[in-house]
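Visitor: As a plain string of letters, each chain reads:
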Amino acid sequence: MQVPSGYGVHPQNYIPPSGHYPQGPGKMTSLPLDSQCGDYYSGLYTVPTQNVVTSNTANQQPGAQHMYGRGPPAPHIVGSTPGSFQGAASSTSHLHTSASQPYSPFVNHYSSPAMYSANSSVASQGFPSTCGHYAMSTVSNAAYPSVSYPSLPAGDPYGQQMFTSQNAPTVRPVRDNSFSGHSTAIGHPSPLPPPPSHQYHQQQSLSGCSTLSWSTSGLPSTQDNLVRNHTGTLATASSNPTNTGASSTRTPPAANRPVEPVASVTQPSELLQQKGVDSSSTTSSASPVPNSYDALEGGSYPDMLSSSASSPAPDPAPEPDPAPAPAPSAPQPSKMAKPFGYGYPALQPGYQNATAPLNSAVPPSSPGYSGFQPYAQQYPGMNQLSSSLGGLSLQSSPQPESLRPVNLTQERNILPMTPVWAPVPNLNLDLRKLNCSPDSFRCTLTNIPQTQALLNKAKLPLGLLLHPFRDLTQLPVITSNTIVRCRSCRTYINPFVSFIDQRRWKCNLCYRVNDVPEEFMYNPLTRSYGEPHKRPEVQNSTVEFIASSDYMLRPPQPAVYLFVLDVSHNAVEAGYLTILCQSLLENLDKLPGDSRTRIGFMTFDSTIHFYNLQEGLSQPQMLIVSDIDDVFLPTPDSLLVNLYESKELIKDLLNALPNMFTNTRETHSALGPALQAAFKLMSPTGGRVSVFQTQLPSLGAGLLQSREDPNQRSSTKVVQHLGPATDFYKKLALDCSGQQTAVDLFLLSSQYSDLASLACISKYSAGCIYYYPSFHYTHNPSQAEKLQKDLKRYLTRKIGFEAVMRIRCTKGLSMHTFHGNFFVRSTDLLSLANISPDAGFAVQLSIEENLTDTSLVCFQTALLYTSSKGERRIRVHTLCLPVVSSLADVYAGVDVQAAVCLLANMAVDRSISSSLSDARDALVNAVVDSLSAYGSTVSNLQHSALIAPSSLKLFPLYVLALLKQKAFRTGTSTRLDDRVYAMCQIKCQPLVHLMKMIHPNLYRIDRLTDEGAIHVNDRVVPQPPLQKLSAEKLTREGAFLMDCGSVFYIWIGKSCDNNFIEDVLGYPNFASIPQKMTHLPELDTLSSERARSFITWLRDNRPLSPILHVVKDESPAKTEFFQHLIEDRTEAAFSYYEFLLHIQQQICK
Amino acid sequence: MAFTFAPFSYMLALLLTAVLIFFTIWHIIAFDELKTDYRNPIYQCNTLNPIVLPEYLIHAFFCVMFLCAAEWLTLGLRMPLLAYHIWRYMSRPVMSGPGLYDPTTIMNADILAYCQKEGSCKLAFYLLAFFYYLYGMIYVLVSS
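Residue numbers (this note's numbering), protein chains in the order written: chain L, 2 to 1150; chain A, 970 to 1113.
Calculated from the structure, these hints are not laboratory results. Think of the CB as a built atom: it goes at the ideal place given N, C-alpha and C, for glycine as much as any other residue. Please note that the accuracy of each hint is not assured.
Below, a list of computed lysine to any residue pairs in the SDA-like style, where the Cα atoms sit at most 25 Å apart [claimed, not checked]:
hint	chain 1	residue 1	chain 2	residue 2
1	L	Lys681	A	Asp1071
2	L	Lys812	A	Ala1052
3	A	Lys1004	L	Leu554
4	L	Lys1034	L	Ala1118
5	A	Lys1004	L	Asp736
6	A	Lys1086	A	Ala1052
7	L	Lys997	L	Asp440
Label-pair distances were calculated between CB atoms; the ranges are [to be verified]:
hint	chain 1	residue 1	chain 2	residue 2	range
8	A	Leu1096	L	Asp979	31 to 37 Å
9	A	Ala1093	L	Asn926	31 to 37 Å
10	L	Gln721	A	Tyr1012	30 to 36 Å
11	L	Asn414	A	Ser1060	45 to 51 Å
12	L	Ser627	A	Val988	46 to 52 Å
13	L	Ser847	A	Tyr1012	22 to 28 Å
14	L	Ser550	A	Ala1093	45 to 51 Å
15	A	Asn1009	L	Glu1115	55 to 61 Å
16	L	Asp630	A	Ala1093	45 to 51 Å
17	L	Arg513	A	Leu1096	51 to 57 Å
18	A	Tyr1012	L	Asp630	24 to 30 Å
The shape of chain L in the complex, shown without the other chains (with noise of 0.2 Å):
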């Protein structure tokens, strides 16, 4: 083949002296990697379009949007739920059916006297004949609220396939027609695009490597090396129909098509299977192709063949933006838009190429795909920025944007109109493209220092932040024999290696130089040996390989889930049950696993109840082990059900439940005694323990005492009891991770439960913890509304079992400290029993050996999990960053947002360790450390100006609003559950949250207009700007939305115009408005349209579903929003200016 004979006669562009790679030939290799990735993917999967398997592929997209797009209140989006759709629905009437039946012969059964006695201290109870009454129609209705998809063409023939894409071995029906049925699919619900773009981007999606030409200038042999690849090979032919089928029904200017692809639509199929076949038995010679397919596809990944079925499929999401930007540049081909490049690059051939700002809107295969369309959609204000700023960073600039000194005291609008994006690291174009996705791993210096003295110069932290397990809507998924590995420092191949020659790698993490496997040689694109460089483990920073037997300690464990539940008073008092086990009904065939998933329940007060669940029992059985100092298990075998085989037994408990201790007058809560039950239960399988508590633990085992002095809720001094008060809690949570059982803790209280010890659990078993202050199912409605939709996203989301992280860095460097969820075995090995889309990790960097003899470091990140599915993959990010020597480098690569969630992760674990105040202290000090060493290297600079370069001038702003933060601050009432609990999320959550957290956002509400609106899903969503969290932004005639991640207020001024009132509160004026409103009704006005169109489109895709409050001026509620407007003085604490000041004289000290 032409490219790898380029690459072979010019293997020294590939090893880069200085890292970068060399402009010229070596360009010319990698760039055609990218279209024959692409082929080689459809190849993969899209081809044998007969065989019944693959066809997911095409079905896989639609599919992925629609439900990820239009799932009724998001959250179905992950989970790879069990079952179509179809079989959701089914068994969701089937629900419906049953709910009907009469109940009253089950109240008989449960009140009948229990059989069960095995033990004496084992009493059986019979369910109280409370239960007589079920209100079972509920299920139905709450389950699929609107399942109705409008947007689905009639005649789509994937309208229902569509929600099994998360389950391909269960449904798999597709045929050759897929490709018109999923274009269909994906066109419609597109809100229509700007023709010229529109007409752009189907040229590239057609022919990936037309599109090359311009992006490549200067290269015309590339260009056609690629054509000629493109018309001469069958395989690359193979992918056109697709593409061409695809873009074809869904564009209007269809007559633009280039003539060859059409030509290759009428490729015979059998062709393309045969090409299908060959490529799949290439990669895993061992197993037929179906199962290869299935083990590709069984994880719930729809999103990994996109890249193939779709190069369409990602246009919509970047042509809705007219962007609120001007940006007339966005679209142009020239390096200034390419910076943003960032987002899933090397997975789309000619589409990544041909545009930049195309890239941009990362994950955008899907109009729908409302998980992501944030980051889609914000995109458009980002490109403009990319162009002014993104663009100057290229090296071509003598004095780039992000280091053009600022004047902080001066400039009074820092925060820019449109959300902060990650800067892109100064890399060459290639290497930008394959970087890894700044959603999934980011650094906070994108410039390297190359000593640990030139670092300690800068004074700032140098750290990853990772959220490796999150949603992607494009992934390769790798099945082969050998998974290609460094031999020494055991590093996965990755797009940064150097490849020596065709047969030897240069391993980019210890230098070391290793053979290229026989298997690896064979590219089944093209059916040649000799193009190792064209892999797709070679064009992907982000993949999923399927692991073989070698990498599993035991058999792959099923999902097992156990809930735990306080029954004590005062849990029956708040009623969580009810919303719990509704939850769950609704839930139960969404839960992520496969025929092996199991199930378990139990409940505590003073004692602990066990339910035998054991399929061919009538009723559940409850079993009562009342010796709390020696916990056993009744009956080890039976209280672990199939989830499948026992449904209706599950059912039925989880109808009985919430009335079954109604009457209950126990006070007592054994946590500690029920989670080493749960243990016990737990440890031959390991898995996922729910565990719900209402109080403080009061018997048994870790039982805790009341730490809090509410008259030092506002000190300014100390605070204590920041760490746990027993290391029971941890000690057990190690237990558990040890088994490979992690536990996630709902705390839903009214009083302080000691979050600071109970957390232990969690934090240690890589758990997760969610909190609910004083949580009431009436009371508090807003509360249990979070908490219903909390458990939605919580039940269905994915889930990894016994997986292991470990993180690599280039030799040199090494990791300090791990901040998360997990529990850590060895130095760069991190075990987390579960993991979570959710979950965030950072970690701290230091340099050990000078980094002078390279010019690019790497880091990688392997995750290694057993997937719900039981199936045992490794997704491996790797992340290319360059080397730098002088400071003021390092200042133009800083990336502020993730310094600061290292920040906030460091100064938690100094609060706990040293004291707050400390904390708080080395907070300031970063910012003061960090601008006055960017002062000293800026000479000529008067000094009494507060200075900071562009990159870090939000670095204040953020301090201060961390100062501000429930964690930190002092000063201000703040229960120490809640303090803790912030602090808790500092921890586990991923960087794009922590920041809503950290720093909300403000946008007036009351004056939407399209002005420059995006189009999500036939919706269309205003961009007001953003406004800086300051009261003199707040007018008395407006009404503004502040989004602070978990939390929306929506305040309305005084004298706010009556026409907004009423047109979206839907009431007569202002004084009519309630004080408690948490939702805003659907009214048929533009106006109230906007607002609510924004508001959802804001609220998707958050792990923890965002509940509103309307806030009036006047209302007592105004001081929580309030308290939000960091840059506004407080009684304890600085207003921005104030805090400007203050570090403007501790520098000149």
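On the provided structure of chain L, position chain A as indicated by the hints.
Guide: Quick look at chain A alone, frame taken from chain L:
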């Protein structure tokens, strides 16, 4: 020449210091393993924690012994370490069992480095102490 308490305490100290040196070497090896090898920190802490208190007690025992023997100089040399031990044990993480090392924090690079440094400093101190006791024993025996 009477065999008094002072030479006896020196001899005993000599023997016990050998034990301490053994403990410290064990400690150093354990941390080295943690840093380089893939040793499970839980296991490692379980082996390290039981020897922390004996080491501290042996050292405290010396101090009492030298106090009784009225060897003020030796006692003075030992006091700082005793104080350090007390401080170290007071500021240990929340633990129910005896010991110092918490498997959840021990992999932190700072703590790891600190413990390694502590180990080598102690080894040096105990080695010097060993020779000092040898000298002290002979000196006391000769002078009495």
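Visitor: Hints first: check each against the structure and report whether it holds.
Guide: Hint by hint, here is what the structure shows:
no.: 1; hint: L:Lys681 - A:Asp1071; verdict: holds (23 Å)
no.: 2; hint: L:Lys812 - A:Ala1052; verdict: violated (40 Å)
no.: 3; hint: A:Lys1004 - L:Leu554; verdict: holds (23 Å)
no.: 4; hint: L:Lys1034 - L:Ala1118; verdict: holds (19 Å)
no.: 5; hint: A:Lys1004 - L:Asp736; verdict: holds (22 Å)
no.: 6; hint: A:Lys1086 - A:Ala1052; verdict: holds (18 Å)
no.: 7; hint: L:Lys997 - L:Asp440; verdict: holds (14 Å)
no.: 8; hint: A:Leu1096 - L:Asp979: 31 to 37 Å; verdict: violated (52 Å)
no.: 9; hint: A:Ala1093 - L:Asn926: 31 to 37 Å; verdict: holds (34 Å)
no.: 10; hint: L:Gln721 - A:Tyr1012: 30 to 36 Å; verdict: holds (33 Å)
no.: 11; hint: L:Asn414 - A:Ser1060: 45 to 51 Å; verdict: holds (47 Å)
no.: 12; hint: L:Ser627 - A:Val988: 46 to 52 Å; verdict: holds (48 Å)
no.: 13; hint: L:Ser847 - A:Tyr1012: 22 to 28 Å; verdict: holds (26 Å)
no.: 14; hint: L:Ser550 - A:Ala1093: 45 to 51 Å; verdict: holds (49 Å)
no.: 15; hint: A:Asn1009 - L:Glu1115: 55 to 61 Å; verdict: holds (59 Å)
no.: 16; hint: L:Asp630 - A:Ala1093: 45 to 51 Å; verdict: holds (48 Å)
no.: 17; hint: L:Arg513 - A:Leu1096: 51 to 57 Å; verdict: violated (39 Å)
no.: 18; hint: A:Tyr1012 - L:Asp630: 24 to 30 Å; verdict: holds (28 Å)
The earlier numbered hints that this structure contradicts are 2, 8, 17.
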